[in-house]
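K.L.:
Based on the sequences and whatever the hints tell you, model everything.
Protein chains: 2
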Amino acid sequence: MKIGIAQINSTVGDLTGNLLLASNAYSQLILDGAELVIFPELALCGYPPRDLLLKKNFGRDCQEVLEEFARKTGSCPALIGFPQQSVEKGRELFFNAAALCTNGIVAQIFQKRLLPTYDVFDEDRYFVSGEAPLSFTYLGKKIAVTICEDIWNLDKDLHMSDPLDEISPLQPDLLINLSASPWHHQKSYQRKELLRRVVKKLTCPLLYINAVGGNDELIFDGSSVALSSNGKTIGQAPSFESSCSVIDLESGPAEMKDEDLLEMESIHQALVLGLRDYAHKSGFRKGLIGLSGGIDSAVTAALAVEALGKENVIGISLPSAISSDHSRDDARALAQNLGIAYHTLPIQKIVDSADHELAPLPAAMDTDVTEENLQARSRGLLLMAVSNKLGALLLTTGNKSELAVGYCTLYGDMCGGLAVISDLPKTKVFALANHLNRSGEIIPQNTIEKPPSAELRPDQKDSDSLPDYEILDGILHSYIEKGLSIEALTAEGFEEETVRKIVSLVDRNEYKRKQAAPGLKVTPLAFGIGRRMPIVQKYSN
Amino acid sequence: MKIGIAQINSTVGDLTGNLLLASNAYSQLILDGAELVIFPELALCGYPPRDLLLKKNFGRDCQEVLEEFARKTGSCPALIGFPQQSVEKGRELFFNAAALCTNGIVAQIFQKRLLPTYDVFDEDRYFVSGEAPLSFTYLGKKIAVTICEDIWNLDKDLHMSDPLDEISPLQPDLLINLSASPWHHQKSYQRKELLRRVVKKLTCPLLYINAVGGNDELIFDGSSVALSSNGKTIGQAPSFESSCSVIDLESGPAEMKDEDLLEMESIHQALVLGLRDYAHKSGFRKGLIGLSGGIDSAVTAALAVEALGKENVIGISLPSAISSDHSRDDARALAQNLGIAYHTLPIQKIVDSADHELAPLPAAMDTDVTEENLQARSRGLLLMAVSNKLGALLLTTGNKSELAVGYCTLYGDMCGGLAVISDLPKTKVFALANHLNRSGEIIPQNTIEKPPSAELRPDQKDSDSLPDYEILDGILHSYIEKGLSIEALTAEGFEEETVRKIVSLVDRNEYKRKQAAPGLKVTPLAFGIGRRMPIVQKYSN
Numbered sequence: 001m002k003i004g005i006a007q008i009n010s011t012v013g014d015l016t017g018n019l020l021l022a023s024n025a026y027s028q029l030i031l032d033g034a035e036l037v038i039f040p041e042l043a044l045c046g047y048p049p050r051d052l053l054l055k056k057n058f059g060r061d062c063q064e065v066l067e068e069f070a071r072k073t074g075s076c077p078a079l080i081g082f083p084q085q086s087v088e089k090g091r092e093l094f095f096n097a098a099a100l101c102t103n104g105i106v107a108q109i110f111q112k113r114l115l116p117t118y119d120v121f122d123e124d125r126y127f128v129s130g131e132a133p134l135s136f137t138y139l140g141k142k143i144a145v146t147i148c149e150d151i152w153n154l155d156k157d158l159h160m161s162d163p164l165d166e167i168s169p170l171q172p173d174l175l176i177n178l179s180a181s182p183w184h185h186q187k188s189y190q191r192k193e194l195l196r197r198v199v200k201k202l203t204c205p206l207l208y209i210n211a212v213g214g215n216d217e218l219i220f221d222g223s224s225v226a227l228s229s230n231g232k233t234i235g236q237a238p239s240f241e242s243s244c245s246v247i248d249l250e251s252g253p254a255e256m257k258d259e260d261l262l263e264m265e266s267i268h269q270a271l272v273l274g275l276r277d278y279a280h281k282s283g284f285r286k287g288l289i290g291l292s293g294g295i296d297s298a299v300t301a302a303l304a305v306e307a308l309g310k311e312n313v314i315g316i317s318l319p320s321a322i323s324s325d326h327s328r329d330d331a332r333a334l335a336q337n338l339g340i341a342y343h344t345l346p347i348q349k350i351v352d353s354a355d356h357e358l359a360p361l362p363a364a365m366d367t368d369v370t371e372e373n374l375q376a377r378s379r380g381l382l383l384m385a386v387s388n389k390l391g392a393l394l395l396t397t398g399n400k401s402e403l404a405v406g407y408c409t410l411y412g413d414m415c416g417g418l419a420v421i422s423d424l425p426k427t428k429v430f431a432l433a434n435h436l437n438r439s440g441e442i443i444p445q446n447t448i449e450k451p452p453s454a455e456l457r458p459d460q461k462d463s464d465s466l467p468d469y470e471i472l473d474g475i476l477h478s479y480i481e482k483g484l485s486i487e488a489l490t491a492e493g494f495e496e497e498t499v500r501k502i503v504s505l506v507d508r509n510e511y512k513r514k515q516a517a518p519g520l521k522v523t524p525l526a527f528g529i530g531r532r533m534p535i536v537q538k539y540s541n
Numbered sequence: 001m002k003i004g005i006a007q008i009n010s011t012v013g014d015l016t017g018n019l020l021l022a023s024n025a026y027s028q029l030i031l032d033g034a035e036l037v038i039f040p041e042l043a044l045c046g047y048p049p050r051d052l053l054l055k056k057n058f059g060r061d062c063q064e065v066l067e068e069f070a071r072k073t074g075s076c077p078a079l080i081g082f083p084q085q086s087v088e089k090g091r092e093l094f095f096n097a098a099a100l101c102t103n104g105i106v107a108q109i110f111q112k113r114l115l116p117t118y119d120v121f122d123e124d125r126y127f128v129s130g131e132a133p134l135s136f137t138y139l140g141k142k143i144a145v146t147i148c149e150d151i152w153n154l155d156k157d158l159h160m161s162d163p164l165d166e167i168s169p170l171q172p173d174l175l176i177n178l179s180a181s182p183w184h185h186q187k188s189y190q191r192k193e194l195l196r197r198v199v200k201k202l203t204c205p206l207l208y209i210n211a212v213g214g215n216d217e218l219i220f221d222g223s224s225v226a227l228s229s230n231g232k233t234i235g236q237a238p239s240f241e242s243s244c245s246v247i248d249l250e251s252g253p254a255e256m257k258d259e260d261l262l263e264m265e266s267i268h269q270a271l272v273l274g275l276r277d278y279a280h281k282s283g284f285r286k287g288l289i290g291l292s293g294g295i296d297s298a299v300t301a302a303l304a305v306e307a308l309g310k311e312n313v314i315g316i317s318l319p320s321a322i323s324s325d326h327s328r329d330d331a332r333a334l335a336q337n338l339g340i341a342y343h344t345l346p347i348q349k350i351v352d353s354a355d356h357e358l359a360p361l362p363a364a365m366d367t368d369v370t371e372e373n374l375q376a377r378s379r380g381l382l383l384m385a386v387s388n389k390l391g392a393l394l395l396t397t398g399n400k401s402e403l404a405v406g407y408c409t410l411y412g413d414m415c416g417g418l419a420v421i422s423d424l425p426k427t428k429v430f431a432l433a434n435h436l437n438r439s440g441e442i443i444p445q446n447t448i449e450k451p452p453s454a455e456l457r458p459d460q461k462d463s464d465s466l467p468d469y470e471i472l473d474g475i476l477h478s479y480i481e482k483g484l485s486i487e488a489l490t491a492e493g494f495e496e497e498t499v500r501k502i503v504s505l506v507d508r509n510e511y512k513r514k515q516a517a518p519g520l521k522v523t524p525l526a527f528g529i530g531r532r533m534p535i536v537q538k539y540s541n
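Protein chains in written order, with the working numbering: chain S, 1 to 541; chain R, 1 to 541.
Heads up, some of the hints might be wrong.
One copy or any two copies: either way a pair holds, since identical chains are not told apart in the list.
[Stated by the list, open to error] Listed next, the in silico DSS-like pairs over lysine-lysine satisfying Cα-Cα at most 25 Å (straight line):
#1 K201 <-> K286
#2 K482 <-> K310
#3 K56 <-> K187
#4 K310 <-> K461
#5 K142 <-> K200
#6 K56 <-> K501
#7 K192 <-> K156
#8 K141 <-> K201
#9 K141 <-> K72
Derived from the structure by calculation, the hints contain no laboratory data.
P.N.:
Put into structure tokens, the structure is as follows:
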């Protein structure tokens, strides 16, 4: 059987746009010889639709779009994800469903059984667990249909039942899984391992089709894949881009390259896709970045150029009296390397005016963090003015290490509509900078080599306030992503005093993260919708 | 039986502090003659603990604190809420539990059956549904124990099973419900109605004990209550304050006032409590407010004075060249009425400096919303500097109507650690101002009577950009809280053009709300953790 993989990039809530994408992909795949066309989970409404599902007409509107899609189908069936509204006992419920559309109608509906409620997922908020049969027969083959989480219990063992246990006795000829599975680095290994286990359990070929594109914080990598019943890759769709491809299940294990992107290249492609989709899906062509001469803004600018095109990226240098010459030189060199527009807007007059107004206040005499914040906020003020004037999306440039310990200024360097690298620890920012320079200098070498500094005090270095980034990132990973206690962290070999300091900084800066721009998720646990800490709380362990 | 109601104000994660509160309340209530002492849901860890539950040691630490509490108990049992960690099949699970502690030990554990996943609740993210027996016998009485949502299915019908159906045949002598049920206006009526239905179903007395205090966005009102088997109020704890009180179930229906606070007074008390707890629980004694002479900042300042004391509130006037004389006069009059410190920090020099730096930019010539935002952001810059200098919590003053349509400036008037009235529609802000003035002028009359204006352009009025607030608030209520479509809104009698404009403003300002300060929830549906809209999305209906 020839299967058409419609790896489309849906936009959340854009029912008309997604319908068009789906119809075009269907037509294309028919032309390419597909006998069955498959789309990702909730492809018609985009994933995750979140509280759009609570709007009175959303279910009805999705149903209408589904029927319109079905009307365009002919004898080649299409399997497409959509939210199925159902009224039971007078109550409106949703199933996370997949519709088998053929010959103008919706012929059968499949419903997701396992609803994830961990990390970024809230599916129990919207959906009820499905009860519909799990298979259909087509061209003499028994085809089982699952949706995303339905196959993950093999790996996670989080649910009381496992749909694969119900599917296994059916002895299907093919298992299909429709997914919208958010990407993070290392996921591809985890997923590949899982898919092999699924195939091993069912001893039939598997077709895994995944959404692609960025929706808010989440990036979907596509990477749809077909495995033979012995776990070999039969066919593969590209990663981080939309595509339509036909895979012939009968052709047997093909000579596939079956190689994964290296970690840095996958992070690179993920961030470019996430940035591009956030900007374009919200109507921005242009991006704006404050260039400090440091590595974070340099990497962000380089990603923006790839995502939006160099003619659509504007770099602004915002020097103060404290800024070093090398900052300005490095910022200018970067802008030249990237070929982007570059302006200089000094902040000193604004800082001086603010200082002047604040002078009569009690307690205004001592210089403290206030003055550092004033500089950062004067930059934010100007950048937002430029953003308003030019209609450009301000990209904020902070990394995960800074955001974790609050080494950033609310309403200052945290200004911006999207935080491009806020889920990348500083050590990975360096690695990404080197990766971006792999075929020639884009990020100026001096930017990579000089000691990181916020340049908010004369001769300030990050290392004045923070441990070395290798140590900091190690502590942060264990504390935030692994949830380890102070005791366990010291047992891992970190110095207790340092651990206590960092843990305290992370905990008491929750209020800053509450007001942070959405950040592209690239690790298994990002700040944002997948991490829900109280702001005011006193547990620190 | 004499029941001690320990209506304590727990702080999330403050295990040691909550233990102390609980132990003191227990001792006090024993002295007052209690034969059984009852605490709210999750009283030992505070509600909602959110992702603290995912930290490796949190369950163990809660268990230790529970055992320490149990060791302090004597022959009078205490029933207290805590998160019970349990390991099954190698997996760590939590039950939302209540421990019956007596004679130094934990004698029995009750587990919540129904886990809410709507509005602000994520309980399926952390907890599994309990299976423990639902009753115990004490002093010859059969006492059934439920936790919060367990009794709400009678009202909401959201769950497949109902623990009350299991309790009913037990014919208990008393039903206890431990709650941490977030307050919103009109909730007391809804709750009273529900409790009466529960009593009617079980034909036994009911003891409902609820948490009190503010934790982040949520305000708990206490208002614990005992009902006789015929639905009469036997005893009642105060609203919006901690208390220890003993209720004698045998005394029969007492002559209770059984009267509810009027809506405005309950909103008033809720906001004062929420503000005080947010500040004090996060270590702030002082609050800081930018006073524009308008009604939002005036109401916020009046609430801050009640919450923090007038000696701890600082008002700052931040006039520009555009500010009217009456703005300054009204701000000063308010500060005098409240008896708070008052400073004037003009912003014009900062605005001019910024304009000067921006002048060379392309497209900088025309005056547009940029200049309005610059003023708001200059104010934010100065207010944050004062906040830093004085260690005072900046309170942001925007109302729900503004926040809904984005009639506010990110990093400008949206600066602040807490949004005190951001869940109050503008029309309710007026009502609250009048309520605050009920025994004499606190909010200057002119502040209430003059047409609302952002004063960011000469002679600007809110009504230049927005419909009358009565109409706006009506549309917003139907669109946001009721989830109605454009079609349904026009059917309600609103003009279609106005509806479309407002709906579009609400939808495209999601990005501002993403970065808004946490706001105290006082309506059934507040922006914040209980409303989870995608930022980039294209569904508008």
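K.L.:
All hints, please: hold or fail.
P.N.:
Taking the hints in turn, this is what the structure says about them:
no.	hint	verdict
1	K201 <-> K286	neither (49 Å within a copy, 62 Å between copies)
2	K482 <-> K310	neither (39 Å within a copy, 45 Å between copies)
3	K56 <-> K187	between (36 Å within a copy, 23 Å between copies)
4	K310 <-> K461	neither (31 Å within a copy, 41 Å between copies)
5	K142 <-> K200	within (17 Å within a copy, 54 Å between copies)
6	K56 <-> K501	between (48 Å within a copy, 19 Å between copies)
7	K192 <-> K156	within (14 Å within a copy, 42 Å between copies)
8	K141 <-> K201	within (18 Å within a copy, 54 Å between copies)
9	K141 <-> K72	within (24 Å within a copy, 68 Å between copies)
Consistency note: the structure conflicts with the earlier hints numbered 1, 2, 4.
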